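Asker: The primary structure of each chain is shown beneath.
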Amino acid sequence: MSEHLLEVKGLKKYYPINKGFLNKTQGYVKAVDDISFAVRRGETFGLVGESGCGKSTTGRSLLRLIEPTAGEIIFEGQDIRKLSVEELRKRRRDMQIVFQDPFSSLDPRNTVERILEEPMIVHGVGDAKERKAAVQRLADVVGLSKAHLQRFPHQFSGGQRQRIGIARALALQPKLIVADEPVSALDVSIQSQVINLMQDLQREFGLTYIFIAHDLSVVKHICDRVAVMYLGRIVEITDKDKLYSHPQHPYTQALLSAVPEPDPDLRKERIILQGEVPSPANAPVGCAFGTRCPYVMDICRNTRPQLAETEAGHLTACYLYDREAKTQLV
Amino acid sequence: MIQPILKIENLHTHFFTEKGEVPAVDGVDLYINPGEVLGVVGESGCGKSVTSLSVLKLVPSPPGRIVDGRIVFKGTDIVPLKEKEMRKIRGNAVSMIFQEPMTSLNPLFTVGQQIIETVRLHRGLSKKEAREHAVEMLRKVGIPRPEAIIDEYPHQLSGGMRQRVMIAMSISCSPELLIADEPTTALDVTIQAQILDLIRRLNEEQGTAVMMITHDLGVVAEMCHRVAVMYAGKVVEEGSVHDIFKNPLHPYTQGLIASVPRMDETRERLYSIPGNVPILSKNMQGCRFAPRCSRVMDICRQSLPDLTLQENRHSCRCWLHDGSQEDAV
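So the protein sequences, as listed, match chains A and B. Mapping to the UniProt record's numbering: the first sequence position 180 is 180, numbers consecutive. Mapping to the UniProt record's numbering: the second sequence position 311 is 311, numbers consecutive.
Hints are computed from structural coordinates only; laboratory data are not their basis. Model, not experiment: these values are computed from the prediction. Glycine included, each C-beta is placed from N, C-alpha and C at the ideal position. Among these hints, one or two may not hold up.
[Unchecked claim] Computed list of lysine-lysine pairs in DSSO-like fashion (alpha-carbon distance at most 27 Å, straight line):
{"no.": "1", "chain 1": "B", "residue 1": "57", "chain 2": "B", "residue 2": "282"}
{"no.": "2", "chain 1": "B", "residue 1": "84", "chain 2": "B", "residue 2": "74"}
{"no.": "3", "chain 1": "A", "residue 1": "268", "chain 2": "B", "residue 2": "246"}
{"no.": "4", "chain 1": "A", "residue 1": "129", "chain 2": "A", "residue 2": "12"}
{"no.": "5", "chain 1": "B", "residue 1": "74", "chain 2": "A", "residue 2": "268"}
{"no.": "6", "chain 1": "B", "residue 1": "7", "chain 2": "B", "residue 2": "19"}
[To be verified] Label pairs and their in silico Cβ distance ranges:
{"no.": "7", "chain 1": "B", "residue 1": "308", "chain 2": "A", "residue 2": "65", "range": "52 to 60 Å"}
{"no.": "8", "chain 1": "B", "residue 1": "128", "chain 2": "A", "residue 2": "246", "range": "52 to 60 Å"}
{"no.": "9", "chain 1": "A", "residue 1": "253", "chain 2": "B", "residue 2": "65", "range": "44 to 52 Å"}
{"no.": "10", "chain 1": "B", "residue 1": "298", "chain 2": "A", "residue 2": "94", "range": "35 to 43 Å"}
{"no.": "11", "chain 1": "B", "residue 1": "264", "chain 2": "A", "residue 2": "282", "range": "36 to 44 Å"}
{"no.": "12", "chain 1": "B", "residue 1": "102", "chain 2": "A", "residue 2": "17", "range": "16 to 24 Å"}
{"no.": "13", "chain 1": "A", "residue 1": "270", "chain 2": "B", "residue 2": "306", "range": "33 to 41 Å"}
{"no.": "14", "chain 1": "B", "residue 1": "148", "chain 2": "A", "residue 2": "253", "range": "25 to 33 Å"}
{"no.": "15", "chain 1": "A", "residue 1": "295", "chain 2": "B", "residue 2": "148", "range": "24 to 32 Å"}
{"no.": "16", "chain 1": "A", "residue 1": "245", "chain 2": "B", "residue 2": "75", "range": "48 to 56 Å"}
{"no.": "17", "chain 1": "B", "residue 1": "308", "chain 2": "A", "residue 2": "152", "range": "40 to 48 Å"}
Here chain A stands alone, though its shape is the one from the complex (with noise of 0.2 Å):
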């Protein structure tokens, strides 16, 4: 059995626009573009980045939600991207994905038992009797109790109905979930009880998660490594603790410099960035961050760095590094 659970070879997500009377494609949006990555089995893998970044279209593609333009995802040594529609739904199974808003992701014509046992249905799991009886286990694991699933979704809060999500991915006993933002949309003491749900079904079932997230705090305290993305691309990966200690991409150093922090004595010297995210069509040639960057040299306006080791277990994609790129500086 390989060490990681998923494998992700420079995978695409291009959008066309199309323009005027003959709808002819102009360019295209690249949402996500050309990035790897692998998922080690039992871990937390963080995608962070800010809105328009790609981590959401990263997450969706990965379960072909959304049809990537191109690359492969090899899920336990089998590319997702090669299934026909049948065999994905199968392998699906494995691979579930809990949305950002518990109040858009679920039915609001189903009771949350029927929400519940519906993927069991889809995919034939048990009789209608051992049916009842997981779903009854799945209310219980997540913390919900017998009477909540004769409910409707609109009769519980925020925080309950994250809790569903969660035990509707869990249905089908799956190896990897997707948590595409799973606690944005919820109040400070409601999302700590997610998250610490989160962690206890993990160390229970042996989950994989990819943990996508805007929030730099929960980010480090739930994932084990972590992948920084901008404008469709990832520009740092690796453990937690080496990237809040030594980020080493100038866009990292300032997103971490940006974060407030809840302690008034905390004095931060801070990165304030100029200007703004780039507009994902009109991408700039070289590096995605270099419209932004402090540092920018010459080279980063011409060529796209690529994401490479600076030290063990360490990638960045920025030329800072690469020495062969500063000595033909100097």
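Since chain A is already given, all that's left is putting chain B on it; use the hints.
Answerer: Leaving out everything else, chain B in the frame of chain A:
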């Protein structure tokens, strides 16, 4: 003794719905000194936004209404003021920035028209002067090419830019008090850092008092001098930012701070407050937090504690810190 610029006394803003009367703001006392940044924190439904809307009398009515209390702005109670008189205050002496800059700017007018309208109304400037002033304001909030941006429509701008426009508009008449209701919640962290920096500069350079409504404890620690923590329509604790974070007294504040994951330390497990925020109703008894409190006592379920002053102008609404109760025990 400094006179507070704004003093809210026993404010009650209730909503009259089909399901009955909802006391969204249930007896709130707050004050803001000139040049001060006051943070109002709490989770959704705690009444922090309704409190801020009440100050400008912008609570949608019906169903909402200020049923009791005083809101004293520079010595005048604004609760009995007529709409016409309120309009002279809004956007002039007191202005507000909202969470969602997309919905609070008018999509049919250019950015410039919206700022110009404000300054012409309150300042009586000529069209030309007003336009110059608007460009000046846009430059001040760090908008590049303000001469060009002034003729653009809100949809042509990004979220961060729109929030800058909102701020430019709100400071265009040099307000003495700026109410910022979750000004950075819809923005990314790097853009949030820019906007917070801008608000801080306004406060430091112009002495504008700021009432900062937020659920983000990080933003509070960073920006505020003093903090009021709200829960279920009431202020449960109030004190200097240092006291609130370093010596929180109310179990809710303690729980809230312990629930937040931190970047500067590693914790195995986050603290979490059990249960959910209560549904507000008129016949609530006892401390609102009692059902979720880990240190709940019998008295908490029966009667509501007062907001009592502790050391260092730090006050707390909890029987654990109520002097009169200790004497009784």
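Asker: Hint by hint, note whether the structure agrees.
Answerer: Outcome of the hint check:
{"no.": "1", "hint": "B/57 <-> B/282", "verdict": "22 Å, holds"}
{"no.": "2", "hint": "B/84 <-> B/74", "verdict": "18 Å, holds"}
{"no.": "3", "hint": "A/268 <-> B/246", "verdict": "18 Å, holds"}
{"no.": "4", "hint": "A/129 <-> A/12", "verdict": "44 Å, violated"}
{"no.": "5", "hint": "B/74 <-> A/268", "verdict": "36 Å, violated"}
{"no.": "6", "hint": "B/7 <-> B/19", "verdict": "32 Å, violated"}
{"no.": "7", "hint": "B/308 <-> A/65: 52 to 60 Å", "verdict": "54 Å, holds"}
{"no.": "8", "hint": "B/128 <-> A/246: 52 to 60 Å", "verdict": "55 Å, holds"}
{"no.": "9", "hint": "A/253 <-> B/65: 44 to 52 Å", "verdict": "50 Å, holds"}
{"no.": "10", "hint": "B/298 <-> A/94: 35 to 43 Å", "verdict": "52 Å, violated"}
{"no.": "11", "hint": "B/264 <-> A/282: 36 to 44 Å", "verdict": "38 Å, holds"}
{"no.": "12", "hint": "B/102 <-> A/17: 16 to 24 Å", "verdict": "22 Å, holds"}
{"no.": "13", "hint": "A/270 <-> B/306: 33 to 41 Å", "verdict": "40 Å, holds"}
{"no.": "14", "hint": "B/148 <-> A/253: 25 to 33 Å", "verdict": "32 Å, holds"}
{"no.": "15", "hint": "A/295 <-> B/148: 24 to 32 Å", "verdict": "29 Å, holds"}
{"no.": "16", "hint": "A/245 <-> B/75: 48 to 56 Å", "verdict": "53 Å, holds"}
{"no.": "17", "hint": "B/308 <-> A/152: 40 to 48 Å", "verdict": "43 Å, holds"}
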